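A.B. asks: Line order of the protein sequences matches chains A and B. Every number in the working numbering is 1 more than the matching position in the first sequence, counting from 1. Every number in the working numbering is 1 more than the matching position in the second sequence, counting from 1.
No wet-lab data here; the hints were simulated from the structure. Warning: the hint list may mix true and false statements.
Selected chain B positions facing chain A (Cβ under 8 Å, derived; list incomplete) [to be verified]:
#1 Tyr-94
#2 Thr-251
#3 Glu-255
#4 Ala-258
#5 Tyr-261
#6 Pro-264
#7 His-271
#8 Gly-290
#9 Asp-293
#10 Leu-301
#11 Glu-312
#12 Asp-375
In this text, all values refer to a predicted model and were calculated from it rather than measured experimentally. A virtual CB, placed ideally from N, CA and C, is assigned to each residue, including glycine.
Number of protein chains: 2
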Amino acid sequence: ADAALIDSQWAELERQAESVGVKALPLYGVPFAIKDNIDAVGWKTTAACPAFAYTAEQDATVVSRLRAAGAILVGKTNLDQFATGLVGTRSPYGAVPNSFDPAYVSGGSSAGSASVVARGLVPFALGTDTAGSGRVPAGFNNIVGLKPTRGWLSIGGVVPACRTLDCVSVFALTVEDALAVTEIGGSAPDERDAYSRQHPHTAPVAMPERPRLAIPAALEFHGDDVMARAFDRARTQLARVAELVPIDYTPFAELAALLYQGPWVAERTHAVGPLLINDPDAIDPTVRGIIDKGLDYSALDTFDAEYRRAELSQRIARVFDDVDALVVPTSPTIRTIAEMAEQPVQYNSEFGTYTNFTNLADLCALALPAVMRDDGLPAGITLIAPAWHDRALADVGRRWQALCDLPLGATEQPLPVADKEVIPPPSSACVRLAVVG
Amino acid sequence: ADAALIDSQWAELERQAESVGVKALPLYGVPFAIKDNIDAVGWKTTAACPAFAYTAEQDATVVSRLRAAGAILVGKTNLDQFATGLVGTRSPYGAVPNSFDPAYVSGGSSAGSASVVARGLVPFALGTDTAGSGRVPAGFNNIVGLKPTRGWLSIGGVVPACRTLDCVSVFALTVEDALAVTEIGGSAPDERDAYSRQHPHTAPVAMPERPRLAIPAALEFHGDDVMARAFDRARTQLARVAELVPIDYTPFAELAALLYQGPWVAERTHAVGPLLINDPDAIDPTVRGIIDKGLDYSALDTFDAEYRRAELSQRIARVFDDVDALVVPTSPTIRTIAEMAEQPVQYNSEFGTYTNFTNLADLCALALPAVMRDDGLPAGITLIAPAWHDRALADVGRRWQALCDLPLGATEQPLPVADKEVIPPPSSACVRLAVVG
């Protein structure tokens, strides 16, 4: 990060503090990082594609709101190129290593943002999540990843992946922090984002003390027995605090498959624009292979898939009539960076087993630390609920994090004492953030 | 209509009445008609295309609910083929004449449904409305056309035009009747329709006594000075009871143009299916010319247009931040059946000037009788508001209808005395319907 860009923020923050007072700046001086497909004025946005890079003339809306609340942007983070991937290896700037074992992938596409939070460099970082990019790397690095309801956090000033589905997401060490940052970033709808929505005042803020959680009746781990055993321990722990309701996962799996095996890849083609034609070699070959396919779909295909999306979403909505949330492994498996090079599409696709459907079905999701695998890597769980149930998910997530009481991220820091207590809804004046490392 | 199909309904209704009592049947014995792209068990559905016709094995959801409330289906009505048109002339069964002057078009595509209501043959009829098919024929026949919020009335059992946009609509002689029928038909979401939505309990039921109504600052009548003069009289009348706020109509006009000059025509192509390839001559040439174009669009085009739709819809939503509703001429002009044959696409397109954007922007609309043109044809106005403001529109519409106090439809019947009074919200037990003719 350019030191001058940080110094100027401090100078501006001091002026702000003098004028409005520190109490009006709930994130006063809190450092944060953003995925490098999100604009910050004066910083380069690369989307991990040097040929695509430009210097942003305006902050992304969410960045601007966090800075207005006193936060200091200290860096931009590596990602799967054009946010197309769940792995963290599809970047000319190198693969992001897992914060627990550098032989393993970090998960992506918001790889660097998850990594800097897990390593305690910043208390929170922004990612984006279209297919699961705000959750898979949270799971692989033992941190919290909140994928808010689509339209809550503006995508104004974010390089699109699939504009109809893209979400800005928040990584933090604690649920409390992730929600606090989301509340500030999503304080109002945004005219720069045509898919921005008004947060309904009637949105639920809590779940029952013993929530009913749907869980896939048949779980798929793609042969990863270590992950299967780890999730089994998480499930045992879950059964102590929730009622687990086995459900048929078929509509979720079918909808998940539509995301990359359907016309929505044409949104990625649209986003990359003329570069695909004019300078194809500038694009990562795996990413290009995916984005190229967007040219093959017709309008007829698109509406056909949209009808199927609507039908599957309706079936999924009915599942939620009977439960408070769905709980799944964040990822069914993990791979080494070396393995990933061998099967870059197949292994990536496996990581999305429990994430790819979420935005197509207009759901929100919260990835949470859960247990450690026998090999010392983290194994996360994700809670998923209908749109605008974010706060209710956070309520359950906070309790879960207090119950697990794991060290935070890849640090050795424990959960702050305050996060182990029952916490009232955040006040509008001041927000606690866990700063560690 | 097949007499046996009516007799069997009476027999069934008598059994129902014996079992639950007449008071539980708010539409007991009320005759109604439905557009012939809506299924009724045992009746043929043609969509005005004999080669497409089939005998329905199940009632459309809305039909089934109206029959369960005691209504008797007495006929199916002519339409622009595949509901593709706003004219009422694109049918192998003949053009539907205007109920005031048979030289003129009835408007469409729900031509027959508007006609039978205007002529007092039934107190209400169902239409469908994608581009304005539930409003233009209401305007041309001096009746009420309620185009409810998309997803309130199920499209289960309706031949699709554009499935993501289609609405079932209601024609009646009075606003009160149109709303009452909609409330019954939309009593709950429907699993047969993936785009069905839950009516929010918080939806507004009324508007201020003197509502603020946006009105296009520059009105387009496509050279029809008779219509311009008629609307001017309506506007003078409106200004007595509402505050008129001139607005820039540009985003509405741009969005309207997208409907037929964009990829949404591929939805129509999808709906017609293999017939377009296997038996193109079975399709009306004008309709085929439109539906053929759906083959030309790519997925990239589709998402590009979808982004534009979202941007324009957002601009339109901001207009409604400042007003209670938008008021427009239902149609800017009208044509004779002979004229329509000369410019079938151009004149049709002109009719949609004030309707085509509505479903793309997720708005609801209420077409109302307003004034008579100097040539004796009716000139209607339409009120348009954000999703789920249907009841609030009806509130204003009821007051407007009482103020105008015109003969109903093409009958000589006056507005019932009860409709001239301020009316409490409809009770769930019993519904008044104006039966005339």
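A.B. asks: Now look at each hint and say whether the structure bears it out.
C.D. replies: Evaluation of the provided hints:
{"no.": "1", "hint": "Tyr-94", "result": "29 Å, violated"}
{"no.": "2", "hint": "Thr-251", "result": "16 Å, violated"}
{"no.": "3", "hint": "Glu-255", "result": "13 Å, violated"}
{"no.": "4", "hint": "Ala-258", "result": "17 Å, violated"}
{"no.": "5", "hint": "Tyr-261", "result": "14 Å, violated"}
{"no.": "6", "hint": "Pro-264", "result": "4 Å, holds"}
{"no.": "7", "hint": "His-271", "result": "5 Å, holds"}
{"no.": "8", "hint": "Gly-290", "result": "17 Å, violated"}
{"no.": "9", "hint": "Asp-293", "result": "12 Å, violated"}
{"no.": "10", "hint": "Leu-301", "result": "5 Å, holds"}
{"no.": "11", "hint": "Glu-312", "result": "4 Å, holds"}
{"no.": "12", "hint": "Asp-375", "result": "43 Å, violated"}
Of the numbered hints stated above, those contradicted by the structure are hints 1, 2, 3, 4, 5, 8, 9, 12, listed in ascending order.
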